[in-house]
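Asks: Could you build the full structure based on these sequences and the hints that come with them?
Respectively, the protein sequence lines represent chains A and B.
Position 103, counted from 1, in the first sequence is what numbering that gives the first Met the number 0 calls 102; the numbers after and before it change by one each time, with no gaps.
Position 321, counted from 1, in the second sequence is what numbering that gives the first Met the number 0 calls 320; the numbers after and before it change by one each time, with no gaps.
Treat the hints as calculated values from the structure; they're not laboratory data.
For each residue, glycine too, the CB sits at the ideal point set by N, CA and C.
Possibly wrong hints are sitting among the right ones.
Chain A regions said to be covered by chain B (calculated; three or more residues, Cβ under 8 Å) [what the hints assert, rightly or not]:
1) 30-41
2) 86-93
3) 226-238
4) 242-251
5) 258-268
6) 306-315
Protein chains: 2
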Amino acid sequence: MNIPFETLKKEFKRVLLKLSLIEEKAELCAHTFAANSRDGVYSHGLNRFPSFVNTIIEKQVDILAEPAFIERNGLIEIWDGNFGIGIHNATLAMNRAIELAKANGIGLVAMRHTNHWIRGGTYGWQAADAGCIGICFTNTMANMPPWGGKEPRLGNNPLIISVPREDGHIVLDMAMTQFSYGKLQDTDLKGLELPEFGGYDANGNLTKNPSAIIQSRRALPIGFWKGSGLSFMLDILLTAITGGRSTAAINSIVRESGVSQFFLCLHQSNMHQDLIEEIIRYTKSGSPAEPGGEILYPGENTLRKRRESELHGIPVNEKIWNEVLKM
Amino acid sequence: MNIPFETLKKEFKRVLLKLSLIEEKAELCAHTFAANSRDGVYSHGLNRFPSFVNTIIEKQVDILAEPAFIERNGLIEIWDGNFGIGIHNATLAMNRAIELAKANGIGLVAMRHTNHWIRGGTYGWQAADAGCIGICFTNTMANMPPWGGKEPRLGNNPLIISVPREDGHIVLDMAMTQFSYGKLQDTDLKGLELPEFGGYDANGNLTKNPSAIIQSRRALPIGFWKGSGLSFMLDILLTAITGGRSTAAINSIVRESGVSQFFLCLHQSNMHQDLIEEIIRYTKSGSPAEPGGEILYPGENTLRKRRESELHGIPVNEKIWNEVLKM
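Replies: See the structure below:
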């Protein structure tokens, strides 16, 4: 079943207004969830909407809160998200980083006490749409063991890097686990194996069996010790600058809340678009690993999905869609 | 065979002065190579010194060149390395980024036309020693296939992130391949297997056999598609900002030369050291994956090796050491 973007957005907005979000926040959140589905990131679009609604109903998110400027350390701006809506906070923070970068070449907004920004790529596209390079990351609750350990002590701490480009921005959006828990559950429900090792089973052996990983809680960091180290560093950076909650602090409370986020933008008038095209051509110039296979740059598939959605509507999970219609 | 730090450094300096490096550059390079061995990074210390000497003899590196300031885009400074000595250029660039960060909270020096900086971690420690957060990365020649491709089109583009800490800085220094070519060769010479999959064999199967990977030239990016994407993005960032050589451009010439590098520093008076200690304690608080195993933070092992070297001297490969003595 395919639904036009505007229909999806309209329903989301109706539900959010009913939950007493002000017009501006309802509009932004509805747009963001619909855009995530439109871009093919279904796990962070329609499929995530009901659990987002729950965080509002259960008052885990303060729908009235506005982010507040705390202090300026040179050109670093520290903001407090006041436990408000993650999408709203992150959008404002990235807008401020864009503004700073356009004035100074660089802008860094570091925010503490905010909430889940849903899909990190949203803010990468936002920066690139404004003509800026965007680099942003967030910490999360512990959902990945550090290298050498058995129990989750690190977040999957997604990292987003985006660069503006005329024929479609280049946007990398990656978490530090090889596969998200959403992907593990999805693969498990379909009775399939993962395409690569995704974690360890209860006996400490690498496995492609999603259910074994869900049970052991030992999801694999990308590149073993390397992704473990990178996830650790992102949490350290966030905490050293914002003074906010680290993954350790987030895990000492019941539910993920009050995470810390970085929004770094770079801007200059000449971004050397011709040289960027050269990199893309060169990267794609090798022979495919599989017959008929393709080499894609980060963000290329997002744009394809977006165009497909614009032509044919957004494929939706009917069960969840009907659930939303009844909200 | 163990050699004191000062003896190693003295020999390196003697050789470099004989090659007509000025006192300041000979001192810096000798110190850096000796420190790399002292920190246990033997591949980038004594073992790398003879090939560094060759780049000077073959005039691949211009020992007389000094980096030049090109332009300021807001607070971004663009420098040209003028194909000089990579260690010298990178040290000056990081010093400038530190200076900018201490004045403005953030400093970014982006350098084009420089040369191999040898061990990236050097500049991470430099930033942290100056009380700054350091983030730096470089591009390289193509030595890793992009995800979905067979031939090398991406560099392994090392990324370094460092955060100052009283009891020992936290420093991550990671390349985007699961194992370096140095590690593959070393493991192959010892007739051993890699501890994890390190690439593909000629038939496109994942393998732990280092010689099969050296032959196929298909080293594995960390986290498959993720490390491939991250490596690509670092090259794009470097090229978009500096206008210098991308991996594509580096590979169109005979030898790796004129690479591009980023040196980003952050500084504020309060780096929340107590919260950083909380993260370290929490990360280490899980049970080890292997009996008797340990969970280490990035940089912890470097500091241990450094202290061992200071106590017992630096273990050296006697063949290479004798080679240097005869230079």
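Asks: Tell me, which hint numbers fail for this structure?
Replies: 1, 2, 6
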